[in-house]
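Trainee: Here are the chains, one letter per residue:
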Amino acid sequence: MVDVGDAELVQRCCNGDRAAFEILLKRYERPVYNAALRMLRNPEDARDVAQTVFLKVYEHLSEYDPKYRFYSWIYRIAVNESLHGLSRRHPVEPIDEQEPDEHPGPDDEVGDEQISHQVQGALMRLKPEHRAVIVLKHLLGCSYQDMSEILELPEKTVKSRLFTARQMLKEVLLDQGMMRP
Amino acid sequence: MIQERHVELIHAELDGELTSEQRAELSRVLLANPEARALRDQLARLFSAVAKLELADPPPELSDSVLSALGAKLRKLRPGAAHSARRTWYTGPAFRYAAVFVGGLLASAVLLAPGARHSARPDVSELVGTIGGHGAAGRGSPIDRVTLDLTQVSGAVNSYQLDDQLVVELDLTASEPIELVARHAGQTVHFSLGSRPDATPERVIWLPAGKPQAGSDVELEVYGGGGQLLHRDSLRADESE
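Chains as they are written, first to last, in our numbering: chain A, 621 to 801; chain B, 34 to 274.
Hints are not guaranteed to be accurate.
Some chain B residues near chain A, calculated using beta-carbon distances under 8 Å [said to hold, decoys possible]:
id, residue
1, Glu50
2, Ala102
3, Gly248
Calculated from the structure, these hints are not laboratory results. From a predicted model like this one, the values you see are computed outputs, not experimental measurements. Don't be surprised by glycine CBs; every beta carbon is placed ideally from N, CA and C.
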């Protein structure tokens with residue numbers, strides 16, 4: 621049943637097949653958890669959000685409209701829950717606690733782990749709606765059309781938001797010396 | 034100077050969303066415009082940096098905790114299942130044992146049926162006994178005790194052994210709806226607490242079937258109203274441990 625498509629699994633879940641839900645859970649726990657992790661940064665918060673997402677998915681499966689792709693639907697819930705999680709935090713977002721290197725080298729001389737850390741820190745400096753488009757595009761590999769469905773925005777608006785988010789992310793990374801101008 | 038359309042083409046190229054016509058158009062732009070080439074190079078470096086954000090492995094307990102929390106919701110969604118489970122709780126030997134235990138150890142306790150609980154979440158299908166009132170005296174010493182001091186719930190969960198019967202007693206005060214999941218020897222029960230308008234103490238007893246299994250603890254998980262895991266702990270189930 622692992623090879624069964626999402627739509628069929630959803631149908632089976634609606635008919636009370638709990639094993640089908642477990643497959644969906646296994647299939648999506650990684651992207652959902654990662655979306656939340658990159659939105660929130662804190663692994664425990666991300667785990668809580670991921671759990672809430674799957675419980676909501678189960679509760680609302682009967683409301684899922686199969687004309688949309690299932691992953692668009694579950695990612696929408698993940699993004700919304702992450703934004704909700706952020707809204708419960710203090711209004712000031714935590715910023716990267718690691719100060720930029722005084723003399724950073726070019727990006728190809730810095731370790732991957734440090735780049736990852738700096739990029740995550742830079743992401744946290746973006747507005748949540750900008751962070752969300754970066755996460756959807758770069759981490760979850762969504763297309764413009766997917767993002768339009770997930771965010772319930774026209775594709776044109778999605779592109780504009782994504783380009784703005786990249787510009788801002790680039791500026792933060794340039795500031796940190798993580799990118800060459 | 035780069036036109037907005039050309040910026041869009043550069044992003045779309047890196048996003049893998051160009052049509053062949055757009056690709057041809059972009060090639061012409063890049064040949065003619067060094068600024069466009071510089072922007073494209075810079076964006077490619079940004080993509081490369083962001084690609085370093087690898088997918089992390091989700092915590093191994095995530096799917097289990099979802100399924101545990103789902104257990105209670107499943108019964109809520111399928112009330113028939115809850116009803117059939119409830120029908121047996123007060124007639125089985127576990128209940129009779131509970132009555133003896135309660136009579137002997139919790140002199141002032143009042144036994145209530147699950148359906149009579151003052152709860153907005155009547156989905157506790159495997160509940161053995163709910164004890165109203167607080168301050169009952171005369172208990173023996175517990176095998177083990179877990180003390181909870183969370184914002185949402187406080188109090189203690191104790192394990193006792195009565196001959197060969199393991200007794201798990203929850204003595205908790207929840208200020209908001211929470212769910213406590215207890216597992217032992219392949220058995221799982223879900224307790225919904227904190228649905229009363231005022232935060233009054235609630236005492237619940239669970240008698241797992243079978244003899245206490247040496248080395249097998251009672252695993253406890255406390256979930257908030259939104260299904261988020263608030264606390265995880267374990268309780269010894271056997272005096273010999």
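Trainee: Does each hint fit the structure? Answer for all of them.
Mentor: Against the structure, the hints come out as follows:
{"no.": "1", "hint": "Glu50", "result": "holds, 6 Å"}
{"no.": "2", "hint": "Ala102", "result": "holds, 6 Å"}
{"no.": "3", "hint": "Gly248", "result": "violated, 28 Å"}
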